[in-house]
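All chains should be modelled from the sequences, with the hints used to inform the complete structure.
Sequences listed follow chains A and B, in order.
Residues 941 to 1189 (this note's numbering) are what the first sequence spells out, left to right.
Residues 5 to 262 (this note's numbering) are what the second sequence spells out, left to right.
Derived from the structure by calculation, the hints contain no laboratory data.
Check each hint, because a few of them may be wrong.
[What the hints assert, rightly or not] Stretches of chain A that chain B covers, calculated by requiring three or more beta carbons in the stretch to come under 8 Å of a beta carbon on chain B:
hint: 1; region: 990 to 1000
hint: 2; region: 1040 to 1053
hint: 3; region: 1141 to 1147
Glycine included, C-beta positions come from ideal geometry on N, C-alpha and C.
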Amino acid sequence: MATGVAVRWARPSTGPGREAARSVDAACTRSWLAEVAGSLEQQRDYLTQLDAAIGDADHGINMHRGFTAVMRRTDALEDAATPGQLLKAAGRTFVSTVGGAAGPLYGTAFLQAGEALGDGGSFGPRRLLEALHASLEGVQRVGAASEGDKTMVDALAPALAGFELELRTGGSLETAVRAASQAAGEGARATVPMQARKGRASYLGPRSVGHQDPGATSTALMFAALERAVLADRSQRFAAGGRPRGSRP
Amino acid sequence: MIQSVGRAARILKALGSESARLGVTELAERLGLAKATVYGLLRTLEAHQLVQQDLETGKYRLGPALLQLGNAFLDNHELRARSLLWADALAGRAREAVHVGVLYGPNVLLVHHVFRPDNSVQILQVGASIPWHACALGKATVAYLEPAGRDELLAGPLPRLTGRTLTSRAALDAELGRVVEGGVAVEDQEAIVGEAGVAAALFDHRGAVVGAIGVAGPVERLLPDGSAADVVAAVKEAARGLSRELGAGRQAAPGAGA
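Written as C-alpha cells, this is what we have:
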C-alpha cells in the first residue's frame, strides 16, 4: 500500500481537445463486469483446457458460473449502487457460488477492491490504484503466493505495477488501464516456463512447466475487459458531448 | 555407487523434469558430461525403451517402459493393493474423492485416488506429492510416527502453501495432539485454497503407521461449520477396516477408536 502514497504525482497528460475519461462511474463498472462475464463465457473452454493440464479442469466452468451469478446479482441491485457496492456484491457472490480456489481468491480480490473504493459514485485512477493494491494484498493473504509461483498473482502484480508506473509518469486513466492490461497479459504468458509452487499444479512439480497458468490467464482477461470498458466509456462520453451516461449499458 | 547407473538416472530425471524434449548437446551441458558419454547412455536407455528419440528433431524424451515401471510400482505397493476396495466404498459413502497416501520424505505420495462419484471431470492425482504438514493425510500419518521421526519432520522446512497452512512447530505440535485425540486429521484449505480433507492413519501388524486414507473435496461441502460428522465417521471406519486387513490389532491406533 505504502508504495503509492509517497510518490509525487505527475500532472495528467490530458490536454485541451482530448476528452479523456478521468474517472470510472457505476455504469462503467457495470459494463466492466459485463465485459468480464462475456469474455469468460467466450474463453470458458480455453480456461478449462489450460486447467486440465495442471489442475482439475474446472477453472473455465467455475469462473463462468461465478460471473453469471455475479451478473444476476449486480443486475438486481438498484441503479444508485456505487462502484464500491457493485464490486463488494460481486465478491460476496463469487465466494458463495464458486468452488475451488477461484471462489475465495477472486471473491477476496473483488471484495477488497470494493472496500477500497469507498462510497463514492465514481473513482479516479489513484483510487483504482489503491483498490488494486487492496486486491493483491487480499489475494496474497488468502493464497500466500508470491510472483513466480505460477498463480494469478503473476498477472495481478505486474498489472498493478504497470498501472502505477503509467500513472506516476504522467499517464491518464486510459493509458494506465491499457498498461495494466498489457502487463497482465504478458504476466500470464510468462507463467508458461514456471514451475508451480502453489495450488494443485504444485503437486506436479517439474511437470507443471510448459503450461500457462489458468488463474493468471483469467486475471489477464479481467484487465483486458477493464481496458475495453474504460475506453468504450470514453468514446460514449465523447459522443454524448462529455456528459456521463445516465443509463446502464 | 556405479557411476554410469547414476548418470543414466540423472538423464532420466532431466528428461522427466522438462515438458520439452532435450537433445544430446542440451543434456550434456545440463549434466556436465561429454556428448559422447551422454549419447552412449541414451542409446542404452533407448534399447530398453526407457527413453525415446523423436525421429524428426532427433531429441529425446522419456520412453514407454517407464510407464510400465511406474504402474508396477503402484501394483506392487501393498497398501495400495489392499486399499482399493476400502477406498471405493469410502468414496461411495462420503460422495467425495478418496486419497490414500504414504509418507515419502517430508511429502505424502498419493498411491491411490478414487474419483468423486459424480461424473464430473477429474484429473488422476496418483503420484502427486504433497508437503505433509499441509494435508490431512500427512498430519494423520505423522501424528503416529515414533518421536524421533516426528521431531525430524517438525524441524524440517514447513513451507506456506496458503494463508492457512500451519508453519510453526508449536502450532503443528498442537495439531498432531488433536489428531491423536480425535483419531482423525482435518485439513482446512492448508494445501489448496478452497479444498479440504479429512483423513485417518493406517497401521500394520506391528502397530506401526504405514500411511493414511481420507476424503478430499471442496471446503464448503466437507467442512460445513466444522467437519461433517458422517464424513469423519466414514473415514475412521475405512481406516479401521483397512488397518485390520493389514494385520493391525484392534488396539493398534491409540485414539483411532470411535
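Of the numbered hints stated previously, which ones are contradicted by the structure, given in increasing order?
-> none
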